[in-house]
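A.B. asks: If you use mature numbering (1 follows the signal peptide of the UniProt record, and there is no 0), the sequence shown corresponds to residues -19 to -1, 1 to 174, in order.
Keep in mind that a hint or two might mislead.
To be verified - Pairs of lysine-lysine residues, derived as DSSO-like cross-links and limited to a Cα-Cα distance of at most 27 Å, are as follows:
{"hint": "1", "residue 1": "K71", "residue 2": "K149"}
{"hint": "2", "residue 1": "K109", "residue 2": "K12"}
{"hint": "3", "residue 1": "K90", "residue 2": "K149"}
{"hint": "4", "residue 1": "K71", "residue 2": "K109"}
{"hint": "5", "residue 1": "K149", "residue 2": "K12"}
{"hint": "6", "residue 1": "K90", "residue 2": "K12"}
{"hint": "7", "residue 1": "K12", "residue 2": "K71"}
In case anyone wonders, no lab produced these hints; they're calculated from the structure.
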Amino acid sequence: MKKLVLGMLVSLLATPVFAESQGSIDLVLGKSTHEADYDSMQFLSESDTAITIRGSYAITPYIGVELGYSDHGEVDTSYVDGFGDFITDKFSVTSLNLGLKGTIPLDDKFSLNARLGMSDWSMDIEEKDSSFPGITFQYEEDGTDMYYGIGLQFQATPQLRIGVEYTKTSLEPSDSDVNYDITHSALSLGYTF
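With the hints as extra help, turn the sequences into a complete structure.
C.D. replies: Structure, rendered in structure tokens:
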């Protein structure tokens, strides 16, 4: 079985070596949903508009390397903490993403793709606490975590493609026990040069 998988992988990589590799750029616009929980209690589930600019280089017709910048938007939530204080938090997240894109052609116009990579993210947090009126606390968190996604794209012309995609990044802030997930449902417009 291992030899079969290895043989298929080598065939996938070696067959298109003679094909011309291509670079491309994508503009991705969609809805970013932020969900967070602490000790299994959800305290955030909000959405905002998100935008990604992504460049890619096709190593083969089936595998490419991608580098992108994402602004995941800004969301806020309010809740009463364990001391009875009213808390308002505002979260803003951006990321620099590096990963691989695998493409499976369905026909000469449509293809499925999958993405897997690392996201170097930064989160800005503004918090207001009713026990400290007039004061805004500001925090920053950052880290590097994995992202993955799936998509469908339509090759409108040899240079222009349109797609839909879904991506998920699970952020693990280092200084807290908060689980923070960002899902991105989006439309993409790509140009190959």
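A.B. asks: Output the numbers, in ascending order, of every earlier hint that fails for this structure.
C.D. replies: none
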